[in-house]
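Enquirer: Take a look at the letters that make up each chain.
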Amino acid sequence: MQIILLTSFGGAFATYLLAKISSRLRDVCAVIVSGLLVVFVALLYNKTPAATLIPSFVGAPLTVRLNMLSWFFAIAIVVVGFLSIVFSFSYIKGKERADFYYLMMLLVNAGMIGIVLSADLLTFYIFWEIMSWGAFLLISYNRGPALRAGMKYIVMSVIGSVVMLAGILSLYAVYETFVFSELAGRIASASPAYSLACASMLCIAFAIKNAVVPLHTWLPDAHSEAPAPFSAVLSGILIKMGTYGLILVLYLFVGVKLFISPTYVWRGFRFVLLVLASITILVPSFIAVMQNDAKKVLAWSSIAQAGYIILGITFGTTLGFAAGMFHFLNHATFKALLFFGIGAVEYRTKTRDLNSLGGLLKRMPITFIAVLVGTCGLIGIPLTNGFVSKWLLYKTLILEGSPFLAFIALIGTWGTILYGYKLLHHVFLGQLPEKYKNVRKAPASMQFVLIILSLAVVVLGILPGIPLKLINTIAVSMGMDSMNINIFGIASETGALNTVNILSVLAAAGIVVWIILKASKKSTRISQEDNYAAGAAIPAERYSYTVDFYNPLYRMIRRYLRDIFDEFYYWIAGRVQAFSDMVRRLYVGDVGCYAMYILLFLSALILSQVWWRVW
Amino acid sequence: MRSLIAVILLAVIGLGLALCLSDMPFGANHIATAEKAGRHYLEKAPQETGSANVVTAVVVTYRGFDTLGEVTVLFIAAIGLGMVLYRRKKQEGKPPQPASFVLQTGCCFLFPLILILGVYIFLHGHLTPGGGFQGGVIVASGFLLAYIGCADMKIRHRWFEATESLAGSAFVIAGMAGLAAGGSFLMNFMPKGNFNTLFSAGIIPIIYIAIGLKVGAELTGLIANLLERAE
Amino acid sequence: MSFLFENSYYIAAVGLILIGLYIMAAKKNLIKVIIGLSFFETGINVLLIAAGYIRGGSAPIFSHPDMQAGKMVDPTPQALVLTAIVIGVAVLALALSLAVRLYEHHGTLNLRKIRELKW
Amino acid sequence: MVNPVLLLAVPLGLAFLTPLLAFISDRIARYVPVAGMLFNCVVSVSLIPSVLNRPIIVQTGGFAPPFGINLVAGPLGITLAAVIALVGLAVSVYGLAYVKEGATVKYHVLYLLLLTGATGVVLTGDIFNLFVFYEILCISSYALVAYSGDKNGVEAAVKYLIQGSIGSGLALIGIAILYGVFGTLNMADIARNIGSTGILNTTLFIALAFMVAGFGVEAAVFPLNAWLPDAHSSAPAPISAILSGIAIKVGIYVVVRIVFTVFGAPSMFMLLVVIGVVTLLIGEMSAFSQNNIKRMLAYSSVGQVGLIVFALGMATTGGISGGLFQIISHALAKSLLFLATGYMIYRSGSMEISSLQGMGKRMPLTCCAFTIGAFSLVGLPPFAGFPGKFMIVRAAIAQQQHLFTFLIALVLFGTIIEACYFFRIVQAAYFTGPREEPDAGKQRREEAPLFALAPMLGLLVFIIALGVYPEPVIRLLDSCAAELLNRFDYIKGVLG
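The listed protein sequences correspond, in order, to chains G, Y, E and P.
Residues 1 to 615 (the working numbering) make up the first sequence, in order.
Residues 1 to 231 (the working numbering) make up the second sequence, in order.
Residues 1 to 119 (the working numbering) make up the third sequence, in order.
Residues 1 to 496 (the working numbering) make up the fourth sequence, in order.
Quick caveat, the hints were computed from the structure, so don't treat them as lab data.
Wrong hints could be hidden among the right ones.
Computed Cβ-Cβ distance ranges for the label pairs, DEER-style [as the list claims (entries may be wrong)]: (1) Ser191(G) / Leu485(P): 25 to 33 angstroms; (2) Ala32(Y) / Glu176(G): 20 to 28 angstroms; (3) Val7(Y) / Lys118(E): 39 to 47 angstroms; (4) Val7(Y) / Asn193(P): 40 to 48 angstroms; (5) Glu352(P) / Lys28(E): 55 to 63 angstroms.
Here are some, though not all, of the chain Y residues that point toward chain G, as calculated from beta-carbon distances under 10 angstroms [claimed, not checked]: (6) Leu9; (7) Leu10; (8) Ala11; (9) Gly16; (10) Leu17; (11) Leu110; (12) Leu113.
Negatives, chain E to chain Y, calculated, CB over 12 angstroms [stated by the list, open to error]: (13) Tyr10; (14) Ile35; (15) Ser38; (16) Arg55; (17) Gln68; (18) Leu80; (19) Glu104; (20) Thr108; (21) Arg112; (22) Lys118.
Remember, predicted model here, so these are calculated numbers, not experimental data.
From the three backbone atoms N, C-alpha and C, an ideal C-beta is built for every residue, glycine too.
Let's have the full structure, built from the sequences with the hints guiding it.
Expert: Here's what the structure looks like:
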């Protein structure tokens, strides 16, 4: 345990120091550190160590522990962290301040590991903050528009942590402890209003990190402006720290029994969360469709996918929890994969503008396949992991009598299909612009990462039992019912999931299609220019159909999908700024006035005593 | 408008002050009991310090630490003034008119007398009204007179600085000696001598000499700095 | 009337304090403000001395053997005032030197016009 | 055991000797403050263990209190003296490199005297002696603000002087009233005379009001703090650092000592809390849209003062030790910030935030120091600001009153604003300006000189050490809080 933290933090600084010697050494060190972390965390599987970091910090010990839940998150963190470091190899080479970049990457990673390992709220908060400011420095790394994105991120993040601090300390004021295990379930004993206040303060903080809709506005900018490997980390796992926090609050502190119990307070609370989650699915999915920046598409998609996770988790049944957790894992894989893929494209073409890309299929085949797999996972096509988790979610929602939510989730998936295809088409299909004729394929280190993650997406899709078993253990440990898991899915009385069946059906369908194709007439390839165009030869460039892709749909939905929250926040920020500018005018620069202030203060004190006897 | 507000605010403050002062009527014997510091000083000072002038006893021994601070404040003022006026721009303007012969002669005549008076005052600080500060001020006023009377008067700043510095150090060293000899800082460790004579009261005259020299040097420095035009 | 006489020291002290404060708050010439400061400090010194006065007391100096400690005024405020005066002198000297400097920079001593540092 | 009076006597003696030493060589005179502060550092730290058991009462002149002036080297006094010496040491080393022009010897003397004054204020047990040392502190800072003699410096010094002397005059009136009523100047004696009345009578309250308003000027609580932004932004960097790091803390100490120990006035605690919050909000908001970086730091000091006063006004052990922790962490962080900005401004020649662009490349270490200082002020772990803010918020929430819930919301709002402007500068320093090739930057590096870097790194180490392992300091501060809260122990300790 301590070794993990020591490796993660010490490794970050060691990397930075080694970087001063040579950049080669730095790369090697970074990989070794992140690789070691993977090994360490993997070795701790199914163990439950606990340790004390500092016996007393501001009057409470800093403790860490590992259990199944945190192991589940930790392994995702270290794997994605490792891959992002490997991916950074060529991505960051030749850019300025690479040493700093590695330091921060490793530091954020270390912070996240700390978050999931911590056994009490104080430790949790400390690591949370380290992660937050580390991420701020990384988001701002790209300069230009990234500065604005970074500011937006850190302001919301600070608001979140301030609210969280208030929540943590409100809990402390009553229970006088920060330790999770002591807090567990005790909220039930407090008055509902108080515990609701504490829980909602914590939830607000986590919702900001998790980008639940009214608090999501930092995410699109931050994700799209951050360096690509960090976008992957950000989207894949960093925002999921919010999910982890929500799980802690809802399942541990409040206790899942109470949370889904039909008491007046908690029913309302859960209802609000569910509604927010479904809005988070619905709206960002379609906003993503309208984006023309590849990473913005992915960013909005991250919000929407996080919505699925929240929806599953706040639903509170075992199946819902499993859906949420599994979707978290899946999202970490396929969204990281997509960001890496787009990152590779950006690395080669230096642009993320969907309207100017196209036809890279032939130039970057492996990247294409990776993005294809990622998109399939995102949409939830069978045999990718996204299918399983979404299936679980729909099943939960329908079984538990919330068809409306299921319907919303389904509509969200339609949006996902639209933007997923748009992404794939605009980047890899269609017309290859002239200037990208000589684009080479992605460097080996990037391809390595892409292949690993693609495999993960598919393997998890075919063998969902592996993570589900884990999730089941977690669910049971938190006092929920067990599920009947086998390696290929779930066996239950109402609609079992078995990927073997799906696989065979798909294989059969594939064979049928293949036979039909074989049997039908052979198609002939013709040149692109070989068609009638009113006598004029149309240059190849003009065959680019990327602009105004879903034009009719745009026109339909555009007016509803303004990000009013973003505008509202900007308005507030502007008001605050204007007001503080007014406050500043108190210091008029005239010393006579200042003398008057002093006299005013004194005479106010005297008057209040003589007249009203205040003091 | 500003004046009006100021008057109103000040009226309130004045009211407050008046309320306070009504609680401490003028001329009342507020040190009637023995545990009051003032009473203690009046009754015990001659024995404890050997100084006939109780105010001096209070200034140099009982509240000697204040005096050290006070000397420091003046030292700060002298140094700060020198710093603020350091490398002042040359001022255009007509040179001051030389004083008349009568004035110059008068000043030259009075200057040593004033110095002697000053020295007398600070030497007899423990016997008569006055003391180091008063004596120092008189010394400085002698220099002021010289400055006004003799237009080409220049003092040697280095000497004055050295005096200041030495006298200040002497004060601290006297205090330290008390610490070494008697166990507390600024302790009156020397023999008290005969009451009401010049050589009495232990370290009081020594400290007052140091203070007198220091104050004289500092105030002269202040005057010189303000009066001299930048060269 | 007798009240005024009895408390004339207090009245003078408070008056000086208030006048000094008024000058500092309302006047715009720096020199006047410094004069006001001087008023203010003098007022405080008078207040201190007046607070230490005991009716019928003499100066606390045992210049004759037959003087009685019971018939003397409180020596402490006098010591304090000595210190306070010196501090006042120090502040005044510094203020004047700063005024010289300020005049060199701004060419005016009008505090309403010297407002470069604000907000 | 060393006599605590040496903490004052030695620096004073050194300061008096400096002009003599300067006759020999200016170089020696420059090292005098370093030597003095080093001595103070060693002595005060070595005194800490013994004062934790029992405060050391030092008589001067060999007269027992209340007849002589006495020093009270309790936990609070010695802790603050140690902080003063520590920050003073760092800044004096920095001054060796930074102060090159003008009357350097005079600068060093005044600098040493300023710190001596501050040490005297926190150690003394006599209220008039406190006033004298307070004046030493104030007058030397008036002069030092105008050290460079430029337009802004002189203007700021004049304004500071006027407000400061009104303040000290008012405080002296308060002292005079106290003397007139009780006939004593010893703080413990006054406190014994006041006794434990819950509500003060009008006379005492007015005396208290005069003193709070007077000493509050140096403590820079709103609305008495108008001098602060001017003085802090116009003074030379090391002086800004000391003013922000030490001088205003001493002011706060005085106010708190008077309210808690001398008067023991619970009714004033609420006033402290309220003006604390107001000061905090006004400071942070004024800093928010400031373009002059030093002025912004100055306003941020105002905000921090508000936070500290708020914490101290809660008058619970948690609140007070949180506030004291914040005093220490702010002293370290803010002086670090001013020192770092000093050289940044020196290199870029402008105080505008926009002129900081590319500083991360030009002065990486300085910039790193700045960043960590800023993070510490915002209260991010693992830096020293975090435990302080954490303890303050914890203490406020532990009060479990609606008023405090509301106030703490305001405080946290202030923190958010603070975070905004500090992060803005960090961004400006690191991520703006021309992009450069990775290796081209090496030639354009213009790092601050070693003498300026060493103290910054020293402060940095302290900030991180306090942030990672604050427990020993917190234990120390808990006994300081006990000293403030149990005024009868204080009285008994001094008067026997």
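Enquirer: Examine each Cβ of chain Y, and state whether all of them lie more than 12 angstroms from the Cβ of arginine 55(E).
Expert: Per Cβ check, arginine 55(E) is inside 12 angstroms of chain Y; nearest 4 angstroms; violated.
Enquirer: Looking at tyrosine 10(E) again, its CB stays over 12 angstroms from all of chain Y?
Expert: violated, 5 angstroms
Enquirer: Under 10 angstroms is the threshold here; is the Cβ of leucine 17(Y) close enough to any Cβ of chain G for the hint to stand?
Expert: At 9 angstroms from the nearest chain G Cβ, leucine 17(Y) passes the 10 angstroms test, so the hint holds.
Enquirer: When you look at the beta carbon of serine 38(E), is every beta carbon of chain Y farther off than 12 angstroms?
Expert: holds, 14 angstroms
Enquirer: Kindly confirm whether 40 to 48 angstroms is satisfied by the beta carbon distance between valine 7(Y) and asparagine 193(P).
Expert: violated, 35 angstroms
Enquirer: Decide, holds or violated, for the assertion that all CB atoms of chain Y are farther than 12 angstroms from the CB of threonine 108(E).
Expert: holds, 16 angstroms
Enquirer: Using the C-beta atoms of glutamate 352(P) and lysine 28(E), is the stated range 55 to 63 angstroms upheld?
Expert: violated, 31 angstroms
Enquirer: Non-interface claim for leucine 80(E): all C-beta distances to chain Y beyond 12 angstroms?
Expert: violated, 8 angstroms
Enquirer: Would you check whether the claim that isoleucine 35(E) is not at the interface survives, using Cβ distances to chain Y and the 12 angstroms cut-off?
Expert: holds, 16 angstroms
Enquirer: Answer holds if the nearest beta-carbon of chain G is closer than 10 angstroms to that of leucine 10(Y); otherwise answer violated.
Expert: The hint holds - leucine 10(Y) has a Cβ within 10 angstroms of chain G, the shortest such distance being about 7 angstroms.
Enquirer: Report holds if the minimum CB distance from glutamate 104(E) to chain Y is greater than 12 angstroms, and violated otherwise.
Expert: Non-interface label on glutamate 104(E) violated, nearest chain Y Cβ at 6 angstroms vs cutoff 12 angstroms.
Enquirer: If you check the beta carbons of alanine 32(Y) and glutamate 176(G), does the distance land in 20 to 28 angstroms?
Expert: violated, 54 angstroms
Hints 2, 3, 4, 5, 11, 12, 13, 16, 17, 18, 19 and 21, counting from the list given before, are not met by this structure.
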